[in-house]
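The chain contents come next:
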Amino acid sequence: MTIAVIDYGMGNLHSVAKALEHVTHEHVVITRDARSIRGATRIVLPGQGAMRDCMGELQRTELQGLVQEMLADQAKPLLGICVGQQMLMDASEENGGIECLRFLPGRVRHFSQAMHDAEGRRLKVPHMGWNQVVQRHAHPLWDGIADETRFYFVHGYYVEAERDADVFGTTRYGDVTAHVATGRDTVFAVQFHPEKSASAGLRLLENFVNWAP
Amino acid sequence: MGLAKRIIPCLDVDAGRVVKGVNFVGIRDAGDPVEIAKRYNQQGADEITFLDITASHEDRETTVEMVERIAGEVFIPLTVGGGIRTCEDIRTMLNAGADKVSINTAAVNNPEFVHEAAERFGSQCIVVAIDAKRVSADGEPLRWEIFTHGGRKPTGLDAIDWARKMVNYGAGELLLTSMDRDGTKSGFDLELTRAISDAVAVPVIASGGVGNLDHLVEGVTRGAADAVLAASIFHFGEYTIPDAKRYMSEHGIEMRL
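Chains as they are written, first to last, in the working numbering: chain A, 1 to 213; chain B, 1001 to 1257.
Careful, some of the hints might be misleading.
The calculated lysine to any residue pairs, modelled on SDA-like cross-linking and capped at a C-alpha distance of 25 Å, are [unchecked claim]:
| id | chain 1 | residue 1 | chain 2 | residue 2 |
| --- | --- | --- | --- | --- |
| 1 | A | K18 | B | E1073 |
| 2 | B | K1165 | B | R1194 |
| 3 | B | K1165 | A | M115 |
| 4 | B | K1038 | A | E26 |
| 5 | A | K18 | B | N1041 |
| 6 | B | K1165 | A | N210 |
| 7 | B | K1165 | B | C1087 |
| 8 | B | K1038 | A | T31 |
Some but not every residue of chain B turned toward chain A, in silico, with C-beta under 10 Å [what the hints assert, rightly or not]:
| id | residue |
| --- | --- |
| 9 | G1002 |
| 10 | N1041 |
| 11 | V1064 |
| 12 | V1074 |
| 13 | F1075 |
| 14 | L1078 |
| 15 | A1096 |
| 16 | G1156 |
| 17 | K1165 |
| 18 | E1173 |
| 19 | A1195 |
| 20 | A1227 |
| 21 | G1237 |
| 22 | Y1239 |
| 23 | T1240 |
Just a sample of chain A residues kept apart from chain B, beta carbon distances all over 12 Å, derived [what the hints assert, rightly or not]:
| id | residue |
| --- | --- |
| 24 | H14 |
| 25 | H27 |
| 26 | H155 |
| 27 | A165 |
| 28 | A200 |
These are calculated hints, taken from the structure and not from any lab test.
Think of the CB as a built atom: it goes at the ideal place given N, C-alpha and C, for glycine as much as any other residue.
Build out the structure end to end from the sequences listed, making use of the hints.
Listed below in structure tokens is the structure:
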């Protein structure tokens, strides 16, 4: 039983691995080796930084084909985190338009710099800090986590999925309702950082480790 | 309902030990950063910041080990500042489990470093620490300047221009300290906080001068800070994090309770 955290060179994977190790005795590996990834029982697809760089690195490390194959096979649970959630969509507005993995229909959009709060103060971008997640549909990964629990976010772009059935959680920021938990079949993906979201985040990771879709 | 304002306790560490003491009930070893970080996490701190004041290079290894130990047990964002001068320093801290690093003097000495760091590691983990001091005379339009060396060395840089420049260079967040207020317990420099927060699109953490819970409230309401950082009011048990959060929430501020 191994959980593979895919290392394509983007982002801080140590936090994710450490948090997983905290909730399971299963072996956690940070790897870009295709054989280890194929051999793992669960996959975590993290991501941080610019979409252009993330997609670029995924291609450069020759992992894009493998990830797409696993998304198509639906053979094992996969958890996308942050840009790892965004990558599952059709395309991102970032850098004038970047094609993504096309697993879920929908787009990745930028928070407008012109959003204001109730007092008329300009909202900061990136959306950084603890915000509430409304659980739109039930899912095993929400097990034991109350509706509207706060999770930790850091992002300037957000997912807008086309199909309601693919959206499991939403978060409100300014006048935007971001689709912050999305998925289908064996795939679940979140915009927030469960590895940095204290006990609620650990619970979600534990639910992922116990998830048998 | 929306994004919560954050409370960030800040700990000074020297060679992997917390200095300037922490006085919690029930803590066996007041210098053990892991124990203190766990305690703040249990109390509901939204993030924790460590300021590394270790002088010698060798002892910095101990700080790295400390970050590793904390990151294995505390699952909220960790920021490490102090002595971050190269991309290698950043990589070391991120690999140890830090989520963000805060860059101060190295940014003043070489602004391009911030650009390089943001390109390489992403803006989300690059915090630029700004130490500002009021330099305008009474009656003049307000003006603040960047100081280094604990507020002793002026740089001639205008604080608002500098803040904008650092954001343009890729800073994902600013940690703003008023050198006039730091250690005074008389409250944040609210005009400074407001001026910087209004000038940039990224979140601003207010620091320097917190002596009571009203100061935290004002930092957000009048200073427009996105997060408030404090050290001594929490370390010495004057107030707990839940006290502070409850108080801020009662004053209409969205908090993670």
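Against the structure, the hints come out as follows:
1. Note on K18 (chain A) and E1073 (chain B): the hinted pairing holds, with a Cα-Cα distance of about 8 Å set against a maximum of 25 Å.
2. For the hint pairing K1165 (chain B) with R1194 (chain B), the CA-to-CA distance comes to about 17 Å; that is within 25 Å, so the pair holds.
3. Pair hint K1165 (chain B) plus M115 (chain A) holds up; C-alpha atoms about 22 Å apart against a cutoff of 25 Å.
4. With a CA separation close to 24 Å, the supplied pair K1038 (chain B) and E26 (chain A) stays within the 25 Å bound.
5. At roughly 16 Å between alpha-carbon atoms, K18 (chain A) and N1041 (chain B) fall within 25 Å of each other, so this suggested pair holds.
6. A threshold of 25 Å between alpha carbons decides the hint, and for K1165 (chain B) with N210 (chain A) the separation of about 47 Å lies outside it, so the pair is violated.
7. Restraint check for K1165 (chain B) and C1087 (chain B): the C-alpha separation of about 20 Å stays at or below 25 Å, so the hint holds.
8. Using a Cα cut-off of 25 Å, the hinted pair K1038 (chain B) and T31 (chain A) is violated, with the two alpha carbons roughly 29 Å apart.
9. At about 6 Å, the closest approach between the beta carbon of G1002 (chain B) and any beta carbon in chain A falls short of 10 Å, and the interface hint on this residue holds.
10. Satisfaction of the interface hint for N1041 (chain B) is found here, the shortest Cβ-Cβ separation to chain A being roughly 7 Å, below the 10 Å cut-off.
11. Because the closest C-beta pair between V1064 (chain B) and chain A is about 12 Å apart, greater than 10 Å, the hint is violated.
12. Below 10 Å, beta-carbon pairs count as interface contacts, and V1074 (chain B) has one with chain A at about 9 Å; its hint therefore holds.
13. At a threshold of 10 Å, the smallest CB-CB gap from F1075 (chain B) to chain A is about 5 Å, leaving the interface hint in force.
14. Annotation: interface hint on L1078 (chain B) holds; nearest CB of chain A at approximately 9 Å, less than 10 Å.
15. Checking A1096 (chain B) against chain A by beta carbon gives a least distance of about 8 Å; that is within 10 Å, so the hint holds.
16. With 10 Å as the threshold, the beta carbon of G1156 (chain B) stays out of range of chain A, its nearest partner Cβ sitting at about 28 Å, so the hint is violated.
17. Look at K1165 (chain B): its Cβ only gets to about 18 Å from chain A, farther than 10 Å, so that hint breaks.
18. Given the 10 Å rule on beta carbons, the hint for E1173 (chain B) holds: about 7 Å separates it from the nearest Cβ of chain A.
19. Taking 10 Å as the C-beta contact cut-off toward chain A, the hint placing A1195 (chain B) at the interface is violated, the least distance being around 14 Å.
20. Proximity of A1227 (chain B) to chain A holds as hinted, the smallest CB-CB distance being about 7 Å (cut-off 10 Å).
21. Restraint check, G1237 (chain B) versus chain A: the minimum CB separation of about 22 Å is more than 10 Å; hint violated.
22. For the restraint placing Y1239 (chain B) at the interface with chain A, the shortest Cβ-Cβ distance is roughly 20 Å, beyond the 10 Å limit, so the hint is violated.
23. Because the beta carbon of T1240 (chain B) sits about 16 Å from the nearest beta carbon in chain A, more than 10 Å, this interface hint is broken.
24. With a closest Cβ-Cβ approach of about 5 Å to chain B, H14 (chain A) is found to fall inside the 12 Å limit, against its non-interface label.
25. Remark: the non-interface label on H27 (chain A) is consistent with the geometry, its nearest Cβ contact in chain B lying 16 Å away (cut-off 12 Å).
26. Distance check for H155 (chain A) against chain B: the nearest CB is about 8 Å away, which does not clear 12 Å, and the non-interface claim fails.
27. Every beta carbon of chain B lies more than 12 Å from that of A165 (chain A), the smallest distance being close to 24 Å; the non-interface claim holds.
28. At roughly 10 Å, the least C-beta separation between A200 (chain A) and chain B is not larger than 12 Å, which violates its mark as non-interface.
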